[in-house]
Amino acid sequence: AQSVAQPEDQVNVAEGNPLTVKCTYSVSGNPYLFWYVQYPNRGLQFLLKYITGDNLVKGSYGFEAEFNKSQTSFHLKKPSALVSDSALYFCAVRDRESGYALNFGKGTSLLVTP
Amino acid sequence: GAGVSQTPSNKVTEKGKYVELRCDPISGHTALYWYRQSLGQGPEFLIYFQGTGAADDSGLPNDRFFAVRPEGSVSTLKIQRTERGDSAVYLCASSLGQNTGELFFGEGSRLTVL
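Chain order of the listed sequences is A and B.
Take 3 as the starting number for the first sequence in our numbering and just add one per residue.
Take 970 as the starting number for the second sequence in our numbering and just add one per residue.
Keep in mind the hints are simulated off the structure, nothing from the lab.
In this text, all values refer to a predicted model and were calculated from it rather than measured experimentally.
Please note that a few of the clues may not be correct.
[As the list claims (entries may be wrong)] Okay, derived cross-link-like pairs now, SDA-like style, lysine to any residue, Cα gap no bigger than 20 Å in a straight line:
id	chain 1	residue 1	chain 2	residue 2
1	A	Lys60	B	Arg1079
2	A	Lys108	B	Glu1013
3	A	Lys51	B	His998
4	A	Lys24	B	Gln1010
5	A	Lys51	A	Glu17
6	A	Lys24	A	Asn43
7	A	Lys60	A	Pro42
8	A	Lys108	B	Gln1067
9	A	Lys108	B	Gly1009
10	B	Lys980	A	Lys108
11	A	Lys108	B	Pro1030
12	A	Lys108	B	Ala1057
13	A	Lys71	A	Gly45
14	A	Lys71	A	Asp87
15	A	Lys60	B	Glu1071
16	A	Lys24	A	Gly101
17	A	Lys60	A	Thr74
18	B	Lys980	A	Asn14
19	A	Lys108	B	Asp1055
20	A	Lys108	B	Arg1079
21	A	Lys60	B	His998
22	A	Lys79	B	Glu1013
23	A	Lys60	B	Glu1076
24	A	Lys51	B	Arg1079
25	A	Lys108	B	Glu1071
26	A	Lys108	B	His998
27	B	Lys980	A	Arg44
28	A	Lys108	A	Asn14
[As the list claims (entries may be wrong)] Derived Cβ-Cβ restraints for the label pairs, each shown as a range:
id	chain 1	residue 1	chain 2	residue 2	range
29	A	Pro81	B	Thr1045	22 to 32 Å
30	A	Leu58	B	Glu1052	39 to 49 Å
31	B	Glu1052	A	Glu68	36 to 46 Å
32	A	Asn14	B	Val1037	42 to 52 Å
33	B	Pro1030	A	Ser111	37 to 47 Å
Glycine residues also receive a C-beta, built at the ideal position from the N, C-alpha and C atoms.
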């Protein structure tokens, strides 16, 4: 079985400050990890993924995420938040040995204030 | 078109009626997924197609739900005897078919069962 936990329903940050959106995962094997963003009335958009290699992965719009195997975490980060980053963020996991379905967390709402 | 297209964008129906939701994936994408997203929740996996066949239908909640992809492109999600609890946004996604690949989502079909 595989699952994702996003412990924060909402994250508030001031524009220009660094942001972190937390994600922990559980898989029986090794994970493929993803972050998606959902803007109001828009479809889910891919941000970045961890497949193998460097634990720090860089993605769209200046976002990055760090894979930490010992803590089973894949937190999303950005050094300097923009108001336009305000959206709903979803972490997702796929067990590389057992299938193709992505399991999503419940999402974290990010609000960046001017 | 360039992206995943879903129709209708909104569907209101009465309890007990039959509903079909259509998904037109990105051209050349062999993998197609259906997800369901309820308010305040992350997308919930329903079914995955590789080509014409359902490779994983473990997420379908019961036998009222069925999906087809007869020619390996367009897919239809069919819901019989709709119930109020079926109200949600139904998301379709496609990908190139490798399990390392990201999913490309449509904007969803919002189903409301009265």
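Tested hints:
no., hint, verdict
1, A:Lys60 <-> B:Arg1079, "violated, 33 Å"
2, A:Lys108 <-> B:Glu1013, "holds, 9 Å"
3, A:Lys51 <-> B:His998, "holds, 19 Å"
4, A:Lys24 <-> B:Gln1010, "holds, 16 Å"
5, A:Lys51 <-> A:Glu17, "violated, 25 Å"
6, A:Lys24 <-> A:Asn43, "violated, 24 Å"
7, A:Lys60 <-> A:Pro42, "violated, 24 Å"
8, A:Lys108 <-> B:Gln1067, "violated, 25 Å"
9, A:Lys108 <-> B:Gly1009, "holds, 7 Å"
10, B:Lys980 <-> A:Lys108, "violated, 24 Å"
11, A:Lys108 <-> B:Pro1030, "holds, 18 Å"
12, A:Lys108 <-> B:Ala1057, "holds, 14 Å"
13, A:Lys71 <-> A:Gly45, "violated, 30 Å"
14, A:Lys71 <-> A:Asp87, "violated, 27 Å"
15, A:Lys60 <-> B:Glu1071, "holds, 15 Å"
16, A:Lys24 <-> A:Gly101, "violated, 24 Å"
17, A:Lys60 <-> A:Thr74, "holds, 18 Å"
18, B:Lys980 <-> A:Asn14, "violated, 34 Å"
19, A:Lys108 <-> B:Asp1055, "holds, 18 Å"
20, A:Lys108 <-> B:Arg1079, "holds, 18 Å"
21, A:Lys60 <-> B:His998, "violated, 25 Å"
22, A:Lys79 <-> B:Glu1013, "violated, 25 Å"
23, A:Lys60 <-> B:Glu1076, "violated, 25 Å"
24, A:Lys51 <-> B:Arg1079, "violated, 28 Å"
25, A:Lys108 <-> B:Glu1071, "holds, 18 Å"
26, A:Lys108 <-> B:His998, "violated, 27 Å"
27, B:Lys980 <-> A:Arg44, "holds, 17 Å"
28, A:Lys108 <-> A:Asn14, "holds, 17 Å"
29, A:Pro81 <-> B:Thr1045: 22 to 32 Å, "violated, 44 Å"
30, A:Leu58 <-> B:Glu1052: 39 to 49 Å, "holds, 45 Å"
31, B:Glu1052 <-> A:Glu68: 36 to 46 Å, "holds, 42 Å"
32, A:Asn14 <-> B:Val1037: 42 to 52 Å, "holds, 44 Å"
33, B:Pro1030 <-> A:Ser111: 37 to 47 Å, "violated, 26 Å"
Of the numbered hints given earlier, the model fails hints 1, 5, 6, 7, 8, 10, 13, 14, 16, 18, 21, 22, 23, 24, 26, 29 and 33; all others are met.
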